[in-house]
Amino acid sequence: DAGITQSPRHKVTETGTPVTLRCHQTENHRYMYWYRQDPGHGLRLIHYSYGVKDTDKGEVSDGYSVSRSKTEDFLLTLESATSSQTSVYFCAISESLRTEHNNEQFFGPGTRLTVL
Amino acid sequence: AQRVTQPEKLLSVFKGAPVELKCNYSYSGSPELFWYVQYSRQRLQLLLRHISRESIKGFTADLNKGETSFHLKKPFAQEEDSAMYYCALDSSGSARQLTFGSGTQLTVLP
Numbered sequence: 510d511a512g513i514t515q516s517p518r519h520k521v522t523e524t525g526t527p528v529t530l531r532c533h534q535t536e537n538h539r540y541m542y543w544y545r546q547d548p549g550h551g552l553r554l555i556h557y558s559y560g561v562k563d564t565d566k567g568e569v570s571d572g573y574s575v576s577r578s579k580t581e582d583f584l585l586t587l588e589s590a591t592s593s594q595t596s597v598y599f600c601a602i603s604e605s606l607r608t609e610h611n612n613e614q615f616f617g618p619g620t621r622l623t624v625l
Numbered sequence: 173a174q175r176v177t178q179p180e181k182l183l184s185v186f187k188g189a190p191v192e193l194k195c196n197y198s199y200s201g202s203p204e205l206f207w208y209v210q211y212s213r214q215r216l217q218l219l220l221r222h223i224s225r226e227s228i229k230g231f232t233a234d235l236n237k238g239e240t241s242f243h244l245k246k247p248f249a250q251e252e253d254s255a256m257y258y259c260a261l262d263s264s265g266s267a268r269q270l271t272f273g274s275g276t277q278l279t280v281l282p
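As given, the protein sequences belong to chains D and C, one line each in that order. As numbered in the numbering used here, residues 510 to 625 make up the first sequence, in order. As numbered in the numbering used here, residues 173 to 282 make up the second sequence, in order.
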């Protein structure tokens, strides 16, 4: 597996509380992504980053914010969690120096978040 | 806007039978298409990409621009092929963004 870790791996929280998920990579990849995985919807992009302090919105960004202060870390924050944000969250990275792997995405193990 | 459609949520076949997982896309540009696979208790990983025209684990996929399809095929399914399969479209150019389909859960029965 590419050097991608996510923390925590499981979290149960209550509606209205803030939650931060962390993605850490040791591959020095430029791009980092946060997806959510839901039955019937597949993976949907929440936010992505194309460099330190450079981020942009994805398809389902409402209710989420991100930060990337270092190449290796990409944080996803739910400012006030809602039950609709119960999901499995995946981090991914892409773009190594090898041209043929430039647009392959490598995924983390996922974080299962339950909002009660 | 780009869209990826996988019409089958669930697909079951018997071991040794041919399998085809359907993927259709809508995109106005020149697409790059991928199949990703997630085996039970493993990470999502790239299975194959159309641009390399390769066969991985016996799977192939041909891009049909006329039908806007990228179906995944294997002539003889194996039990270890049971997994969730996602078709994905890269329309990004520089941002390396992927649009995923909703996935097909393949079960290969003994």
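These are calculated hints, taken from the structure and not from any lab test. Note that beta-carbon positions come from the ideal geometry of N, C-alpha and C, so glycine has one too. Warning: the hint list may mix true and false statements.
[What the hints assert, rightly or not] Chain C regions said to be covered by chain D (calculated; three or more residues, Cβ under 8 Å):
hint : stretch
1    : 195 to 205
2    : 237 to 244
[Stated by the list, open to error] Under the rule of at most 25 Å between Cα atoms (straight-line distance), these lysine to any residue pairs were calculated in the SDA-like manner:
hint : chain 1 : residue 1 : chain 2 : residue 2
3    : C       : Lys181    : D       : Arg621
4    : C       : Lys181    : C       : Gln250
5    : C       : Lys181    : D       : Gly549
[Claimed, not checked] So the derived label-pair ranges between C-beta atoms look like this:
hint : chain 1 : residue 1 : chain 2 : residue 2 : range
6    : C       : Gln250    : D       : Ser576    : 24 to 30 Å
7    : D       : Asn537    : C       : Pro179    : 20 to 26 Å
8    : D       : Thr595    : C       : Ser212    : 17 to 23 Å
9    : C       : Glu226    : D       : Gly525    : 24 to 30 Å
10   : C       : Ala189    : D       : His519    : 33 to 39 Å
Going through the hints against the structure:
1. 195 to 205: violated (count 1)
2. 237 to 244: Violated - the stretch 237 to 244 of chain C has 0 residues with a Cβ nearer than 8 Å to chain D, which falls short of three.
3. C:Lys181 with D:Arg621: 21 Å, holds
4. C:Lys181 with C:Gln250: 19 Å, holds
5. C:Lys181 with D:Gly549: 7 Å, holds
6. C:Gln250 with D:Ser576: 24 to 30 Å: 44 Å, violated
7. D:Asn537 with C:Pro179: 20 to 26 Å: 39 Å, violated
8. D:Thr595 with C:Ser212: 17 to 23 Å: For Ser212 (chain C) against Thr595 (chain D), whose Cβ atoms are near 21 Å apart, the range 17 to 23 Å holds.
9. C:Glu226 with D:Gly525: 24 to 30 Å: 49 Å, violated
10. C:Ala189 with D:His519: 33 to 39 Å: For Ala189 (chain C) and His519 (chain D) the Cβ distance comes to about 37 Å; the hint holds.
When each numbered hint is compared with the structure, violations occur for hints 1, 2, 6, 7, 9.
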